[in-house]
Amino acid sequence: MNTHASSVNYLNHETGFKSWFMTLDHKRLGLMYMWSTFAAMLLGGSFALLLRFELFSPGKDLVSKDVYNHLFTLHGAVMIFLVIIPSIPAALGNFVLPLMLGAKDVAFPKINRLSYHLYLIGAVLLVLAILTGGLDTGWTFYTPYSTSTDTSVVIAVFGAFVIGFSSIFTGLNFIATIHKMRPPGMTWFKMPLLCWALYATSVIQILATPVLGIALLLIAAERIMGVGIFDPALGGDPVLFQHLFWFYSHPAVYVMILPAMGVLSELFSTYSRKHIFGYSFIAYSSIAIAIVSFIVWGHHLYVSGQSALVSIIFSALTYTVAIPSAIKVFNWVATMYKGSISFTTGMVSAMSVIWLFGIGGLTGLWMANLSTDMHLHDTYFVVSHFHFVMVGSALFSYLGGVHHWWPKMFGVMYDEAKGRFWTIVSFLGFNLTFLPQFLMGTRGMPRRYFDYHPQYEYLNKISTIGAAMIGLAVFMIFWNLWRSLKTGKKASPNPWGAATLEWQCASPPTPHNFDEAPAVGDPYDMSLIQFKSDEEGYLPINPCEHDPLICKVESTEA
Amino acid sequence: MSSDHHDSKLAHHFDDLEQQFDANKFGMWVFLLTEILFFSGLFVAYATYRSNHPDVFQYASQFLDTNLGAVNTAVLLLSSFTAAWAVRAVQLGQKNLVTTLLGITVLCACGFMAIKYMEYSHKYHEGLLWGNAEHSIFKENTADVASSVREHGHHWGDVKDLDPEFRRQTGIFFGIYFCLTGLHGIHVLLGIILMLWLMRRNMRGDFSPEKYDAVDCGALYWHLVDLIWIFLFPLLYLIS
Amino acid sequence: MNLSFLPYLLTATQQERPETTLDGFLFPVQGSEAAAQHDHVFMILMYVAGFFFLLINAATVYFSIKYRKSKSPEPPKSSSHNNTLEIVWTIIPTVLVAWLFYIGMDGYVQRRYAPEGSYEIKVTGQKWSWNFTYPNGIQHNELHAPMGENVRLIMDSRDVIHSVWIPEFRIKMDVVPGRYTETWFNATRAGEYPLKCAEYCGTEHSSMYAKVVIHDRPEFDQWMLENGNLLADLSPVEAGEKLFSIKSCVACHSTNGTPLVGPSMKNMFGSERKFTDGTTAVADENYIRESLLEPNAKVVEGFAPVMTTFQGLLKAEEMDAIIEYLKTVQ
Amino acid sequence: MSDSHDHSSAGHVLSLKMLAGTFVALLLLTALTVATGKMDLHGFDLGVAMIIATIKATIVALIFMHLKWDRPFNGYIFLVAILFVGMFLAYVVVDTNTYQNDIKGWTKENISNSTAE
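Protein chains in written order, with the working numbering: chain P, 1143 to 1700; chain L, 2 to 241; chain V, 737 to 1066; chain U, 2 to 118.
One should not assume that every hint holds.
Stated by the list, open to error - Under 10 Å between C-beta atoms, here's a sample of chain U residues computed to sit facing chain P: (1) F74; (2) G76; (3) L80; (4) Y92; (5) D103.
FYI, nobody ran anything at the bench for these hints, they're computed from the structure.
Even for Gly, the Cβ is constructed at its ideal location relative to N, Cα and C.
Okay, chain P solo, but in the shape it has when bound (with noise of 0.2 Å):
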């Protein structure tokens, strides 16, 4: 456990190729989630500047109507099913998840390769689906005019049903992973909280991830075959489709969430160098949150022909999820309480999430509501709301988790002022891009137009000018990340004094974690780290030096 045992470790004990292709080891896997997920950010991202770009004044900018269609439907399948699916679950979960539980590796890794084999194949499978014919049925697939426009939905959607299976093998992994790895002594509630919200992500992606897959196949088959159970002109019901979608996508929103609650419970705890306030009550409102987000879908609903009855049950179960969410939130402003904060990007990160996940989870109040929501479905006021929860919360907090453990996985520190001033430059063209679609959204338009009257102008480019700053801000923290690799200076194995277990291995890991069995304990108890150098960081200190009293009671009982 010291920093010369760093000479051999997981990135360097094997080179080439197939030795990370082919690699069963959970931090390689990680590692290559997570640089493929930056991969398809900056794809995805680019569809969004050209979106953008093109709404920047009324009329034809850029691109055809047809072209914009295409981009948006893009922006949404690539951001989601490649990027923030993936994004904290599979990339920093993998990375994390089996030190944290002081394990060797996941249940499965076997599995866990498969299922990055999995995402690859169905990335490859959308870009082919843009190469041959494009897509531009919205990220939603909505029939009839998924099964009916001539664009390439069959490999689209064949691409996003394998996707779906690779969400499922992770999510199978870090469930049994945490069932049946943890080290003698790790009870449930002394499990980071990261490892709960994991495991709540984790119940949704087998248990929702299924229905997408068969929702896809059904799609398949009205275009191949023409089945017709969606088909209306064949008698079938185009609203069952929708309960089918939205049955896996409703909760699909808490799999990019509910793990980014976890990174942030880690991040506000660590940086304030505070026991995290009410553990077991942020644990269970991640399981809360699982389950209720599976009784809610009817909301995407409400003006879609489903009945009045259902959606007055789905509009008060849809209001029961602010209850969980709220506690989250209290809890954490609570952790900062009488802490000692220091401002890091992890810090700034989870701080801006504060800010961003009250206005995107304050304006769900909007959505859920039987009235407003007749006004606001399908306008940009949604587009607003779910930015700020998908991008403004899951995104801010998985840069800001990539930061926390950058050290870890590459044992470098970033530059840490370049990093705290892009991300705040970051959270304030998020504001100045999506403040303003609130405004349009209550003001008269609809989403996913091409096309708007000249009132709208001015808040679109201000928004449009908010895109290019987060585009550039991202841009410049990829940068700072990719230099750190360089002339980051050396990471001890503790730089920010966590007392998770994933902090007492070596940065970057041996091969095999831990070289001997950590020691369990509070996952939240600093008070035995002090910080010692920037070359050892925060080391334990000896409990009979911090406080003579416990050691007297030991001595005592042995």
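Position chains L, V and U relative to chain P; hints supplied.
Relative to chain P, chains L, V and U alone:
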């Protein structure tokens, strides 16, 4: 994977064989859960159409051959029995018996698919298909029905005077029938591959009374395929 | 902004597109009874959400200043849980959301189904135009309705899912093929409003709108009278020209030679048409009739097969009038 | 390390008699369901068929799939799957039944009429 490990049956990241067996079996059950949810989408489609058009389902079900369905149920139950027996045999170290029992399971599965093929081809020739299929006799407009089925199909006379909406919904029934049994059939085919793989590993001597997780998990998968058929059979064939 | 070179504007100028007029910062003017109800609930949500948003962020900022590392290097001992506090901040949101749900539901129940005896207008959506059928059989591409009366819209679609949204009335409902959906309004202000398609439906989604005109009752009756009898009151060519506009043909076919989604009608009649399958034909009366009833049987080269049939939307005499009119577009 | 101190099913061997008995019972139940399927049970057909199928499924799960002797948690996983499917089914069926009149009204005007001409 660590080659220096003393016990080759134990993967490097597990502490002991019991933990490994437990984890594998747990993972298999979680996978079965996803399979159930995977089928659930089609069951939901079935339930919505059946509850809204009970008369259509009752009518359409008469075109399915109950006897073939019952025989297939029995065949699948037999294969489930031999699969469960194979687990017992591997627990007792009866290597050759395991091979034989898995072989019988595969044969039963092939028999199931053969009967399924008979049913499918019969439906195809008679035009008992979803409404959009070229040969279907359930097209909304009777004039669109292909002349070959009109002249040679045995069931054309029964359906030609139905109300257009009734015809359309009968087409939907067959759409659901083919999707459900088709997806189930794909699972049977995957099961055949799985069983053949297990047979090969068994003959290679991979399994022992201490380590037989793969056979146990394979059998679990096979039982689930059987379980789904137990529900499909009355839901599709036995509507009176 | 000079955008006259853009083809989309040609449609806009041909059909004078009304746009939402704002009333204050947040909303369009309140054009219906439902609008007032919606805005009321919206503002309640605004106060509740605003309070919690400010509370949380103020606390975050305050703590981050007060307990920053340079001020508070060693965290003072403090409790890591407090059940009373947890229960308080569980119960308060619970009560609040129950109340918010209730006020939302209350308004929804009133707004979802029209009261008995409403004036009924049938709405048909198709790519990418709207058609309104009035109780006396008149069809038009503008939604005209009397002020202060309950108006029920019974809607269906001829192709994919569309959605009727009239921002001033704060109502929205999807228009789904193969079934009826309904919504209703009681307009409180005379004037012109936009009806926008809010469910993505393809290429021209953003130009699929209709004009909503609210009259007082006498004016509405007058409009009915003028538009009720086009064929009887006007010459076939004049009636055809009017029909060409009110059946939304103009949305896709210009009369000045500019190709839009579909080919221009200028000099179309009598010309030789080349089709995507390589065949050709001379555009005569039967060709136009076929194009209206089975639009995708013959698709002119360079265009996509996207037109939907007008079967059932045009009477035989109306088709004749349109043909007469198209003969004159030279 | 693991959830509880109960024993995993590793090493539990089922007697051949029990396996064969289960198989025979399943065959008999199949015969029963075919027989009742051919009778007219006045609206209870679906209920009876589903009860028999559920009994068969329970037997398969408990004995063939070893759930009776397995760690209880594996059984809970199975029950969770059934529970969620049930919930999914209930919501969608209630919803589609409630809006069915909108579809039937449309069909009556647009399908049955237009082709009857």
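Consistency of the hints with the structure:
1. F74: Holds: closest Cβ of chain P sits about 8 Å from U/F74, inside 10 Å.
2. G76: Hint violated; U/G76 Cβ to chain P Cβ min 14 Å, cut 10 Å.
3. L80: Interface hint status for U/L80: violated (13 Å vs cutoff 10 Å).
4. Y92: holds (7 Å)
5. D103: It holds, given that the least Cβ distance between U/D103 and chain P is near 7 Å, below 10 Å.
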